[in-house]
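Enquirer: Work from the hints to combine the two standalone chains into their complex.
Taken in sequence, the protein lines are chains A and B. Start counting the first sequence at 1; every next residue gets the next number (the numbering used here). Start counting the second sequence at 316; every next residue gets the next number (the numbering used here).
Read the hints as simulated data drawn from the structure, not as lab findings. Just so it is clear, CB atoms sit at the ideal spot from N, CA and C, and this is done for glycine as well. Any given hint might turn out to be false.
Stated by the list, open to error - Between beta-carbon pairs, the in silico distance windows are: (1) 141/A / 630/B: 23 to 31 Å; (2) 78/A / 605/B: 21 to 29 Å; (3) 117/A / 628/B: 21 to 29 Å; (4) 800/B / 91/A: 28 to 36 Å; (5) 86/A / 341/B: 51 to 59 Å; (6) 90/A / 450/B: 50 to 58 Å; (7) 117/A / 609/B: 13 to 21 Å; (8) 103/A / 542/B: 53 to 61 Å; (9) 612/B / 182/A: 51 to 59 Å; (10) 182/A / 547/B: 38 to 46 Å; (11) 556/B / 162/A: 27 to 35 Å; (12) 121/A / 450/B: 49 to 57 Å.
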Amino acid sequence: MTKCATRPATAPGAHWLPRTLLALTGMLLSTVALANPEHPTQWQLNLTRGVSPLSHDVWDLHMAVFYVCIGIGVVVYGAMIYAMLKFRKSKGAEAAKFTHNTKIEVIWTIIPVLILIGLAWPATRILVYENNTSNSVLTVKVTGVQWKWAYDYIDYEGQPINNVSFISMLATDSNDARQMDSGISPWSIKSRHGVDDYLLNVNKPLVVPTHTKIQFLITAADVIHGFWVPALGWQADAIPGQIHDAWGELDKPGTYRGQCAQLCGQDHAYMPIVIRALPRAEFRQWLAAQENKSRMQDVSRTAQIVAAPGDAPQG
Amino acid sequence: MSTDAATHHDDAHHDDVPKGFVHRWLFATNHKDIGTMYLVLALVMFFVGGSMAMVIRAELFEPGLQLVQPYFFNELTTLHGLIMIFGAIMPAFVGLANWQIPLMVGAPDMALPRMNNLSFWLLPFAFLLILSTLFMPGGAVAGGWVMYPPLILQTGESLAFTIFAIHLMGISSIMGAINIIATILNLRAPGMDLLKMPLFVWTWLITAFLLIAIMPVLAGAMTMLLTDKYFGTNFFNAAGGGDVLLYEHIFWFFGHPEVYVMILPAFGIISEVIPTFARKPIFGYKPMVYATASIAFLSFIVWAHHMFTVGLPVGAQLFFMYATMLISVPTGVKVFNWVATMWKGSMTFETPMLFAVAFVILFTIGGFSGLMLGLVPADYQYHNSYFVVAHFHYVLVSGAAFGIMTGVYYWLPKWSGHMYSERWGRIHFWLSVISVNVLFFPMHFLGLAGMPRRIPDYNVAFADWNMVSSIGGFVFGASQLIFVGNIIYTVYFAKSKVPARVWDGARGLEWELPSPPPHHSYSTPPEILPGMLAHGDITH
Ligand code: HEM
Ligand SMILES: [Cu+2]
Ligand SMILES: [Cu+2]
Numbered sequence: 001m002t003k004c005a006t007r008p009a010t011a012p013g014a015h016w017l018p019r020t021l022l023a024l025t026g027m028l029l030s031t032v033a034l035a036n037p038e039h040p041t042q043w044q045l046n047l048t049r050g051v052s053p054l055s056h057d058v059w060d061l062h063m064a065v066f067y068v069c070i071g072i073g074v075v076v077y078g079a080m081i082y083a084m085l086k087f088r089k090s091k092g093a094e095a096a097k098f099t100h101n102t103k104i105e106v107i108w109t110i111i112p113v114l115i116l117i118g119l120a121w122p123a124t125r126i127l128v129y130e131n132n133t134s135n136s137v138l139t140v141k142v143t144g145v146q147w148k149w150a151y152d153y154i155d156y157e158g159q160p161i162n163n164v165s166f167i168s169m170l171a172t173d174s175n176d177a178r179q180m181d182s183g184i185s186p187w188s189i190k191s192r193h194g195v196d197d198y199l200l201n202v203n204k205p206l207v208v209p210t211h212t213k214i215q216f217l218i219t220a221a222d223v224i225h226g227f228w229v230p231a232l233g234w235q236a237d238a239i240p241g242q243i244h245d246a247w248g249e250l251d252k253p254g255t256y257r258g259q260c261a262q263l264c265g266q267d268h269a270y271m272p273i274v275i276r277a278l279p280r281a282e283f284r285q286w287l288a289a290q291e292n293k294s295r296m297q298d299v300s301r302t303a304q305i306v307a308a309p310g311d312a313p314q315g
Numbered sequence: 316m317s318t319d320a321a322t323h324h325d326d327a328h329h330d331d332v333p334k335g336f337v338h339r340w341l342f343a344t345n346h347k348d349i350g351t352m353y354l355v356l357a358l359v360m361f362f363v364g365g366s367m368a369m370v371i372r373a374e375l376f377e378p379g380l381q382l383v384q385p386y387f388f389n390e391l392t393t394l395h396g397l398i399m400i401f402g403a404i405m406p407a408f409v410g411l412a413n414w415q416i417p418l419m420v421g422a423p424d425m426a427l428p429r430m431n432n433l434s435f436w437l438l439p440f441a442f443l444l445i446l447s448t449l450f451m452p453g454g455a456v457a458g459g460w461v462m463y464p465p466l467i468l469q470t471g472e473s474l475a476f477t478i479f480a481i482h483l484m485g486i487s488s489i490m491g492a493i494n495i496i497a498t499i500l501n502l503r504a505p506g507m508d509l510l511k512m513p514l515f516v517w518t519w520l521i522t523a524f525l526l527i528a529i530m531p532v533l534a535g536a537m538t539m540l541l542t543d544k545y546f547g548t549n550f551f552n553a554a555g556g557g558d559v560l561l562y563e564h565i566f567w568f569f570g571h572p573e574v575y576v577m578i579l580p581a582f583g584i585i586s587e588v589i590p591t592f593a594r595k596p597i598f599g600y601k602p603m604v605y606a607t608a609s610i611a612f613l614s615f616i617v618w619a620h621h622m623f624t625v626g627l628p629v630g631a632q633l634f635f636m637y638a639t640m641l642i643s644v645p646t647g648v649k650v651f652n653w654v655a656t657m658w659k660g661s662m663t664f665e666t667p668m669l670f671a672v673a674f675v676i677l678f679t680i681g682g683f684s685g686l687m688l689g690l691v692p693a694d695y696q697y698h699n700s701y702f703v704v705a706h707f708h709y710v711l712v713s714g715a716a717f718g719i720m721t722g723v724y725y726w727l728p729k730w731s732g733h734m735y736s737e738r739w740g741r742i743h744f745w746l747s748v749i750s751v752n753v754l755f756f757p758m759h760f761l762g763l764a765g766m767p768r769r770i771p772d773y774n775v776a777f778a779d780w781n782m783v784s785s786i787g788g789f790v791f792g793a794s795q796l797i798f799v800g801n802i803i804y805t806v807y808f809a810k811s812k813v814p815a816r817v818w819d820g821a822r823g824l825e826w827e828l829p830s831p832p833p834h835h836s837y838s839t840p841p842e843i844l845p846g847m848l849a850h851g852d853i854t855h
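Just chain B, same shape as in the assembly (with noise of 0.2 Å):
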């Protein structure tokens, strides 16, 4: 960095932004675009996973098969969960922190900006490899996103191929994770104590831990699974003495860490938000990091919740039924916390704030389906049906990606310049809103009366809600392309230009930077002065 920048980083006019395509992007190193990238990859991959999703709702909207054959059916479900976690939620979450976390702790970059290039152009390779699997002979895989042998190890060829874009995929949350730490414990400014960083860098701070735990033990299961399939080893396979169930518990030994990484990061651009427009600190912020960082180690030792048919020994039920009971309560906290911080504050409902009001209300109702699941002889009932679907639903769509959402809306101004159509984010917002309810509510009627998931076709009985569904679906659907619409309204086409604090009641560093803020921040460490930080002024 030359001294010149050092001396005018408040200047956006004198940036050395690269010139060209290929320096701007391919050789990105810079924290902004390097998020930007995240974000458009992960807006394009809801879309395709929102096809699939528009696809299978099509095919249920009635009984009878009309459009898809139910093995494509079965691809579909598979590649829409894969593509929506690691396509859509994580990429989405990433690019939020390559943006945010240098702007909130003060940085001038991610601390390891080469490797955060080659963490994102891992993915759109990663993606055209599993998306170019739907066109392989035999088709993708088509096991669910679960991918249980044996019956995963009856997929063609392109098993071989969609377990190496997992592996991608995997190596890019690493290096992530590894980045977004190393930038959080050394990078931030003077005065930034971790217990006085923004919950958005906490909630990160922490899922970046859990991602470097969890992904090689997804990679280690993965290949099993290929070495089972190509090298006559027998992981996994009764008759050569192997075990089934040893997949299960390794797959969900990742896979329950997996969504809390979904949901941790949203926790913290809630929390970000709701003091915003309640115009109030956030209630209780050491509990919030704590809490955050209980249910991070809660969520280690609840894995086989996920497998309370599987005829487990009823001492490890009730142990991984406890330990999932208890996950309740930390996360009962946080929205106890948010609650109270809209207690008394003085509120505005902007769209940022309305998703945020959603997300706490939607969010808590999976949380109950949550609760009820976690009581083993009733999960009995509820497992691998359609109240499943529903309550992993209210988590990620109405959770997550409301989350997401929120924080798009909230930050946008700050990263353009420009307000985005505070008319068209109110629509979307309530045609989301609602939508997403007629979409997924009905989905624990369908459940609790006995139709299990993953079948394109149903008996009469389920018609009814399953058309009701399809519908909110489809108009959710839609929805999201006034989002689309609105996102490149205000990046090309919005003229107003916004100031550098965009919401009068947000604190933090990053709304000290002039919107948009200059493609290289802070080259010297930030002053932080009373009043800057949200959460515990450096002066007590």
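With the rest of the complex left out, here is chain A (with noise of 0.2 Å):
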């Protein structure tokens, strides 16, 4: 990953400056530190680094131009604020009467022209990685339906998975909590874990293993939803009619929790998205144990459709 080297510009002789810029920095570092990727934490300032490869890269972007803002501001808000204080009629300033300074003006206009190119390079380069889905190891169907989401396990390791497929939506808890005049407090919704999980919580997550390229194909039934999960790195829309090409890695075990994100109708808020990321082996079990249990339904199916025909159950 290039890091972008662009360190905020201190003006000369100006102290406060510097030292205010490190308190900046060291209150954004803190709450990195506090921040956890796989769910947002109170008081929290800035995006997480996230725990993959192209978080990571989308992180480094981020912050870069962050600095590159900084160190502009700096200039411009320093030169503002000099001015405002030093050419004040009431401290006896006369007006100059320039209007115009060709060097200055060529400048001004060159060096943001050299910093956007700073900037274009390593996202373009991070742009073309992230939208290059070959080589995946494991395809997930993500369709968007209002107002949960509907996930199909494509295949696995060059092998087809077989009717692993299950809608997932809000838990049962944060459901009833969110109900206007409920008496619950939302507050009270935690994981096993006592993560404050309301409003992010799923009756059934999306499992996936860990340091291993997903490829997610993401479509929607009814109207756009936003398929977003932060510590992936990127969210992709879901459009009816199209599939959105797209793929992710999780390098850590852990429960990520995201939303829809495009404004879906009613509901909106409350289809969550929650990816639980298993090591391999533990991955490889419960996919078993998933396409067993699918195997077992569509025999009791059978029989059922054999014993009692015309009158097939629903779904």
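Expert: In structure tokens form, the structure reads like this:
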């Protein structure tokens, strides 16, 4: 990863500036230390680095452009503040008459262009990397439906997966608490591990292996939705009639939480996405169990159909 | 126009101001009256849209659903956006254009006064119509101000009314823009070459061309929605062979230039105010004009930066990323020029200048987040989060709206002949500038922490910053009552008279007229004398 080396420029002689910047950076870094890639934390200030090679790249780019902005801000605001303190009528300042200065105008056109090229370079590289979904190991189809997510496992390590599909929707405790006048405090909704998971928990998470390039085929059944799990480092719109191809990887076991990002109607706020990343061996077991279960279901369903022809149970 | 009026053109007492409400206002053709009506409408809509924002912030004050049901919440965010854009910001700028452009170019009135009347009077009906949809069965549109299908097609019957209202607003904008172009190109006083026009006039000229180019595009998108909903077409219906993304492309081809429609006139106002209070001509007049023109041009080729996450081909994403980044160069030039205008000036900080300085600082913060949003891989994280909400409120509230307030404080003494209360102006300023940051800055944090936009309820981790933001919101909302109070005071109660040149550093034709200017100004074109124009004197 090319780390952008741009650092805040400091105005000479202004000792408080570097210190303020240092403090600011320290504050950011400390929230980074506290921040948890799995779910948001209170008073969180910044993105988390995530747990994927992609999210790390995105983080670096984000911080680089942030520092560039700080640098430009220090120069522009510094000049403005200096001017406002110095060139006041009340301090007897006399207005100069100049109206242009070709040299400085050329400089402040060229320098921004150079800075932008410096940013465009890593951005381009990451974008190309991000859009290359080849060589993925697991493929999952994700379908946004008002107001839940449907997951279909397509293939893993080159083998098609049989009938592992399910629907994932808001967990019942959150769903009860979210009703108006429910009398249930959002603060009381917690996961088994004590995580505040109000509106960020589902009945059945998407389970994936760690350290695996996962291809997501994202689409929607009714209206546009947005598949967004910050730890992956990106979001992708789920659009009816289109397949949006994206990839992600999670390099640490855990429960990663996200939400539908695109306004999709009345319950848009209530269709979270939860991804559980398991070590590969555990994932294998989980997958085998799921395949087994659906096979059993198929058998019993067929049995029922045979027993009562013309009276097949729905779905 | 009678010859009598022509000979007495500078004498307020001989003005034939129409008598009676109907004649003066309903049949108004005078640019000052129409300008006033536009500004009053904008102020009313600012409060209508603002009350919706207050309800939104109250619901978001803490996690859990307390005040409104989710669907109604979506109606509020949608109408808040539509009303603030089409009802508050745009009409306010048209009102300022109506008042100021004829005064600044030395024209007797707008070129097409009757059309001017129509373009104003369409608006109150359009907004009554769109507000009435709140009370229709099924409720108002709730798909966001961008009105993406297929979601928006799930709206009840109010969709047709909303689309009709938007058509009315579009027609009004197009007529307003034609009028402004006709006035600027045909009615300038002798000696006022294009490159001697005040920057406010320049930015409006360019904005008017943008409007004529984009409003029909919006109308097209709206009409396609209408036929998809009621006449069985499938423009945006994938199942019928249509393409959902077609809508997004058309909408944002309108939408991105539209955001510049809301900021270019503000650039113009700031470029008038800073030289006045720095007592120094604008730095780089021509680069300012060229920067405005290139921003306008570039604004047509960046629309897909609103669609980075839809899955466009990489090449297209790269093109739109580079074009978006490019637009920050001329934007930067403008900011640098304002700072250079302040440099070595002799500054005083009356209310208009305070707002102008805050504009430059806070608009630039919006520019920074814009630059960040323009980097596609980073935008994959920011998109549809509160980070975007922070971005566009910095450019639209502390940008466009502050620009309008700058203009109102700057020219109100000219229009009314009285000085506003400087003291209350300052109180309004300080309350606004602090609360606007308390309101919008934490939204950056919320977005980066993962809070999506347009949700009525959220995880408890987002609780703290939302509460901070809501408190900022309430203070900001309440502070705007001071603004109204100050305007009412100035117009109806202030006793002191102001001279023609209200601000000692002000240059430009409008300051040669008495305050208030006569109902019909410049029945004969003014003679431009050396030193009258701020930029480029006729005697080189
Ligand atoms: C330096 C110049 C600017 C750049 C580079 C820029 C860039 C962007 C980008 C990339 C987005 C899309 C973000 C997303 O949805 O993921 C965006 C959104 C937006 N920008 Fe800007 N912007 C700039 C200036 C402005 C200005 C001057 C305005 C208006 C006065 C503005 C108003 C908006 C609005 C309203 C949206 C959100 C639209 C929506 O999704 O509802 N921007 N901007
Ligand atoms: Cu959704
Ligand atoms: Cu845009």
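Enquirer: Has the hinted range 38 to 46 Å been met by the Cβ atoms of residue 182/A and residue 547/B?
Expert: Since the Cβ atoms of residue 182/A and residue 547/B sit about 42 Å apart, the hinted range of 38 to 46 Å holds.
Enquirer: Between residue 86/A and residue 341/B, does the beta-carbon spacing fit 51 to 59 Å?
Expert: Holds - the Cβ-Cβ distance for residue 86/A and residue 341/B, about 53 Å, lies within 51 to 59 Å.
Enquirer: Okay, residue 78/A versus residue 605/B on CB: inside 21 to 29 Å?
Expert: 27 Å, holds
Enquirer: Range first: 13 to 21 Å. Now tell me if the beta carbons of residue 117/A and residue 609/B are that far apart.
Expert: 18 Å, holds
Enquirer: Could you tell me whether the CB distance from residue 612/B to residue 182/A stays inside 51 to 59 Å?
Expert: Between residue 612/B and residue 182/A, where Cβ atoms are some 53 Å apart, the hint holds.
Enquirer: Note whether the CB distance of residue 141/A and residue 630/B lies within 23 to 31 Å or breaks it.
Expert: Holds: the Cβ-Cβ distance is about 26 Å, inside 23 to 31 Å.
Enquirer: Could you see if the CB distance from residue 121/A to residue 450/B stays within 49 to 57 Å?
Expert: Once the Cβ atoms are compared, 54 Å apart, the range 49 to 57 Å for residue 450/B and residue 121/A holds.
Enquirer: Looking only at beta-carbon atoms, does the pair residue 103/A, residue 542/B fall within the given range of 53 to 61 Å?
Expert: Check passed, 57 Å falls within 53 to 61 Å.
Enquirer: Are residue 800/B and residue 91/A spaced within 28 to 36 Å by their CB atoms?
Expert: 33 Å, holds
Enquirer: Given a hint of 27 to 35 Å, does the C-beta separation of residue 556/B and residue 162/A actually sit inside it?
Expert: 33 Å, holds
Enquirer: Between residue 90/A and residue 450/B, does the C-beta distance stay in 50 to 58 Å?
Expert: Given a distance of about 55 Å, which is inside 50 to 58 Å, the answer is holds.
Enquirer: Against the range 21 to 29 Å, how does the distance between the Cβ atoms of residue 117/A and residue 628/B compare: consistent or not?
Expert: Once the Cβ atoms are compared, 23 Å apart, the range 21 to 29 Å for residue 628/B and residue 117/A holds.
Checked against the numbered hints above, the structure violates none of them.
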